[in-house]
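Keeping the supplied structure of chain A fixed, place chain B upon it in accordance with the hints.
Top line first, the protein sequences correspond to chains A and B.
25 is the number that the numbering used here gives to position 25 of the first sequence; each next residue is one higher, with no gaps.
504 is the number that the numbering used here gives to position 504 of the second sequence; each next residue is one higher, with no gaps.
Because the hints were derived from the structure by calculation, they are not lab data.
Positions of the beta carbon are idealized from the N, C-alpha and C atoms, including for glycine.
Treat the hints with care, since some could be wrong.
Stated by the list, open to error - Over the 10 Å line for every Cβ pair with chain B, so calculated as not near, a few chain A residues:
| no. | residue |
| --- | --- |
| 1 | Pro25 |
| 2 | Gln32 |
| 3 | Glu36 |
| 4 | Ala48 |
| 5 | Leu52 |
| 6 | His75 |
| 7 | Pro76 |
| 8 | Lys86 |
| 9 | Ile146 |
| 10 | Ser163 |
| 11 | Ser189 |
| 12 | Asp190 |
Claimed, not checked - Only some residues are given here: those of chain B computed to face chain A with a beta carbon under 7 Å:
| no. | residue |
| --- | --- |
| 13 | Leu73 |
| 14 | Ile74 |
| 15 | Arg87 |
| 16 | Val89 |
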Amino acid sequence: MSRAAFFLALFSVLAWGKKAPPRDPSMAVVRQSAGEVRSLDKDTSVAAEVKLGDVIASGRTLVTGENGLLVLRFHPDFGRIEARAKTRFLLGYSRADSAKPRRIRLDEGQLVFGIPKQSPSVQAEDTHSRLKADNARFSFASDPKIQSTIVVLDGAVEVHNRSKDITSTVRRGQKAVSDVDGLRVSDASDGELEQVGLRQNVMEVDFWNPENEEFSTLEVEYESNF
Amino acid sequence: MKAISSLGLLALLSVTWAQVAPPPQVSAGDGKDSVVAETRPDSAVSTAPAAPEEAEEEEDEGAKPPQASLAFLIPAEGDVIYAEDVRIVAYVQGPSPSAMLAVLDGYSLDRPLRLEEGMLTVELPGMRPGVHEIKVVFLDERQQIQMSRTVRFFVRVPEPHHKPAKGALRQFGRALAQMDWKGAEAKGQVMRQSELKIQRMPGAPAYDSLVRKSGQSPLSQNIDGATEVSYTVKYDRFESFLKGLLRADDPLFSQSFRQPSNRFSGRIAYGPWLTVRGGDLYPVYNNLILNGTRVRGGEVNVAAVTDDGEKHWLYAKAVTGETKIEIPAYVAEYDTGNGKRMDTVSRSPGQNLTAIRLGAGGGEHFDLGFTIMKASETSGDSIDRVLNDSLHGVRPIENLATGLDLRVGLWDGRIQAFGTWASSLYTRDRSLGADTSKGMDQFENLFVANLTTRGWQYLAGNKDIPGFIDVNSAYEAGLTTSLPFSGMVAETEFRYSHLGLEYHSEGNPFLGTNPGDGWNLQQRLVVLDNRLFLGVEVENFVEELGFYKQDERALKGEIRFLPGAYRPAFWVNGGLTSRAPRGNYPYQFNQEFAQINVGGFHQINLGPGKLHGSVLYGFTRGELDLKSNLPPDTANGTDTLLSFPVSLTHIVNTSMQYKFRGSDFAPKLSYTFASNGVQEPTHNLALGFQNTYFSQQMRVDCDLIVGQYPKTVRENDLSLGENLTVVLRLGGDQSVRLREKWVQYGDRASIIAGAYYEVFF
Numbered sequence: 001m002s003r004a005a006f007f008l009a010l011f012s013v014l015a016w017g018k019k020a021p022p023r024d025p026s027m028a029v030v031r032q033s034a035g036e037v038r039s040l041d042k043d044t045s046v047a048a049e050v051k052l053g054d055v056i057a058s059g060r061t062l063v064t065g066e067n068g069l070l071v072l073r074f075h076p077d078f079g080r081i082e083a084r085a086k087t088r089f090l091l092g093y094s095r096a097d098s099a100k101p102r103r104i105r106l107d108e109g110q111l112v113f114g115i116p117k118q119s120p121s122v123q124a125e126d127t128h129s130r131l132k133a134d135n136a137r138f139s140f141a142s143d144p145k146i147q148s149t150i151v152v153l154d155g156a157v158e159v160h161n162r163s164k165d166i167t168s169t170v171r172r173g174q175k176a177v178s179d180v181d182g183l184r185v186s187d188a189s190d191g192e193l194e195q196v197g198l199r200q201n202v203m204e205v206d207f208w209n210p211e212n213e214e215f216s217t218l219e220v221e222y223e224s225n226f
Numbered sequence: 001m002k003a004i005s006s007l008g009l010l011a012l013l014s015v016t017w018a019q020v021a022p023p024p025q026v027s028a029g030d031g032k033d034s035v036v037a038e039t040r041p042d043s044a045v046s047t048a049p050a051a052p053e054e055a056e057e058e059e060d061e062g063a064k065p066p067q068a069s070l071a072f073l074i075p076a077e078g079d080v081i082y083a084e085d086v087r088i089v090a091y092v093q094g095p096s097p098s099a100m101l102a103v104l105d106g107y108s109l110d111r112p113l114r115l116e117e118g119m120l121t122v123e124l125p126g127m128r129p130g131v132h133e134i135k136v137v138f139l140d141e142r143q144q145i146q147m148s149r150t151v152r153f154f155v156r157v158p159e160p161h162h163k164p165a166k167g168a169l170r171q172f173g174r175a176l177a178q179m180d181w182k183g184a185e186a187k188g189q190v191m192r193q194s195e196l197k198i199q200r201m202p203g204a205p206a207y208d209s210l211v212r213k214s215g216q217s218p219l220s221q222n223i224d225g226a227t228e229v230s231y232t233v234k235y236d237r238f239e240s241f242l243k244g245l246l247r248a249d250d251p252l253f254s255q256s257f258r259q260p261s262n263r264f265s266g267r268i269a270y271g272p273w274l275t276v277r278g279g280d281l282y283p284v285y286n287n288l289i290l291n292g293t294r295v296r297g298g299e300v301n302v303a304a305v306t307d308d309g310e311k312h313w314l315y316a317k318a319v320t321g322e323t324k325i326e327i328p329a330y331v332a333e334y335d336t337g338n339g340k341r342m343d344t345v346s347r348s349p350g351q352n353l354t355a356i357r358l359g360a361g362g363g364e365h366f367d368l369g370f371t372i373m374k375a376s377e378t379s380g381d382s383i384d385r386v387l388n389d390s391l392h393g394v395r396p397i398e399n400l401a402t403g404l405d406l407r408v409g410l411w412d413g414r415i416q417a418f419g420t421w422a423s424s425l426y427t428r429d430r431s432l433g434a435d436t437s438k439g440m441d442q443f444e445n446l447f448v449a450n451l452t453t454r455g456w457q458y459l460a461g462n463k464d465i466p467g468f469i470d471v472n473s474a475y476e477a478g479l480t481t482s483l484p485f486s487g488m489v490a491e492t493e494f495r496y497s498h499l500g501l502e503y504h505s506e507g508n509p510f511l512g513t514n515p516g517d518g519w520n521l522q523q524r525l526v527v528l529d530n531r532l533f534l535g536v537e538v539e540n541f542v543e544e545l546g547f548y549k550q551d552e553r554a555l556k557g558e559i560r561f562l563p564g565a566y567r568p569a570f571w572v573n574g575g576l577t578s579r580a581p582r583g584n585y586p587y588q589f590n591q592e593f594a595q596i597n598v599g600g601f602h603q604i605n606l607g608p609g610k611l612h613g614s615v616l617y618g619f620t621r622g623e624l625d626l627k628s629n630l631p632p633d634t635a636n637g638t639d640t641l642l643s644f645p646v647s648l649t650h651i652v653n654t655s656m657q658y659k660f661r662g663s664d665f666a667p668k669l670s671y672t673f674a675s676n677g678v679q680e681p682t683h684n685l686a687l688g689f690q691n692t693y694f695s696q697q698m699r700v701d702c703d704l705i706v707g708q709y710p711k712t713v714r715e716n717d718l719s720l721g722e723n724l725t726v727v728l729r730l731g732g733d734q735s736v737r738l739r740e741k742w743v744q745y746g747d748r749a750s751i752i753a754g755a756y757y758e759v760f761f
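Just chain A, with the same shape it has in the complex:
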């Protein structure tokens, strides 16, 4: 008994003495900003210009103008959200616990999500739908008066239609349209899938193929990792 107590005490001392490494807090940082992009405070009365390198706090609403483009990147997991022109959304995330889901409320416009394996889940919603996704790349476009459209480039997204209370999984290469009539899943066209491509870190490489003497330009989109 005394020996067990000794080892228990030793284990406690060792466990206490070996402090766990500090975990980086989660932060959404502006990776790219173009055109008119504004950040609205919680009371939506104060608008601030958004610039490269700004850290966006949870609970802020972000708005892009006619030619606006906003790319947010999360630290430290490299999750990304790209807001296309004429988009308005509310960003919610836990700064202290980067394992908690990130919540997005899309009022209108189009968001493109890049969720790496190490990122927490993303839960997004608009008037017609609720989405949940892990390790996926997809776009979420919302027109509150008509429908929401989800196009999945990689991974899978769980889509819930509010009006008919049905849920379906949209997989790679598929498109889902959600409106008051329900949820319809079909194959996405190449053009629709290309729209999901994130625009950062694009490198163009010219190739000359000696086999068939064809010249081609390869556009490589890459992601950095910590």
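Here is chain B on its own, set in the frame of chain A:
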């Protein structure tokens, strides 16, 4: 005079070496002269002497008090920033450091660093396009480096325009045109070419004679041009591609007595399932059988795809067409620059080729293929045959080859095992001359009967011939691995190859010439975060040279150390090769060849810019030793054999480039010394600059060359020249390049001037 100039160059070289030699390891700012901008957390900006020696990049987890840590939020490693004004943002945890400093592209920053609420911010306005590196250093109370972090990023302005895809239809293309004017010794040497014909003399049937037909001159000896257009249209799963390349030296325009240099090709594809191609094709069906030979004809490729186009598929492809056109015998007149020379060139026949490949698999896990190829030469008309027979023997040459190849990948393709086998079933060999063998009758009903093929002689019962498979086959098998371990990547490649005496493929122009067996082993290690590369290669090949065998062995090694920007990089590679006969022969020879190359480069801050210097030294040693096995006192003893001196060559290349901060102007200087042990050593010097104009829309590269060339074995003469290249970018889709080069060698000169235009649409 020569000695003085050599000494001067050597003195210059030694100064260069002194300048580019790495300074003592001092500070993060590289060099004692650099002023380190240091910012305390209270935002006070001050200058300080060079930072003390950097102990460790990473934090020490010993008993020291807790230290600050830093993580870059913007940019992350490798980010592309589409703006000139860049803001560096980093998250800082732990106690605030006593002082901070930032080094951008090797220069200490003279602007404040802001650290507020754990966020470190550095504003970098007006960054130039290209790769940049910023290093943030934290110092403790004793001015010791506590921690440093580095991030590299790329500034690209203006941001490239990404055309949004609209609908399923996409189309794009490219066009280019190039024209060169070549003067003096650079111009074409062919003055006139005339066809050679056999003509029967009237009234004397027994006497034929060769006569020259009317001649043809090339379009121009000075002009060389080409233009190319390619266009791709995609609609849903359909894809079509067209390309045309016209060259001024094609038989269509000027020189009839050569293979065509124009290229045309087109492709129509429906998804991954069906592809039809036509025009000039370069099929690769089996490495040993059909490996990149040009075929002007058509190809069909059908694939049964069941997944995403990469896995689990069966496929079949077939190609047929012409690989060579027939060139009649002709007489060519050349301008040697010192008179005329006339050459008689014999007829070369045309050739057709057909190949089929059936396969299964693809991707990184499995691939199995069966290939069969037949090539045959055209016979020409009766007069051609007479002429041809008199020159070469019976035509046409026919070649039938078949083979299998298999590749299996394990562990996500990191380990690849492969094997390829090919056999030429039927070859009429050029080297065997006229097929006048008697006794062909016994094979007349066999589609591959040919007495000149040794393998079939073996099958026919002639046991003096070595084995059929060995003689008529080529095969190779091996294993390649690329294995990631903690902090290291290990790559291994082992290959065994065999080339049979009778194996021949008209579809593989890269096949070795001498038959034999051999193996090759390569081992590479990449360690220290890709900074250090170690490689070694060993090979042994036994060649069958008819009456004897020759053993060739080689050992090669390489070390590369590239520690990163502003740190000296170094590499060395070298090898030993030896050739020696096997067995006991009237005489023995040993040939040995050794080479070593040593090089390095370094970039340092110097004055208002940075200096980049590189040095390369190469050395080779070759020795051929002949020895007789006969006693020295016999008539054929050692004293009757030739002796060859050991040959030694040395080459030294140095170059320096200076780049001003905030400017693209970069003067440059390079020097080369070469000695081949036979001729007088030569020295060459190039002095020039690079710069951009009009908001980097125009780039100019100019060099002045002063050097020596060997006039005779014992005498060098002076060479002078210059080289100018101007590249003009017109918007994002067009570019024009103008180039001009003139070099004077004593009384002789070589002049080239050209223009190049390229547009994407």
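key: Violating hint indices (sorted, rising)   = 1, 2, 5, 6, 7, 11, 12
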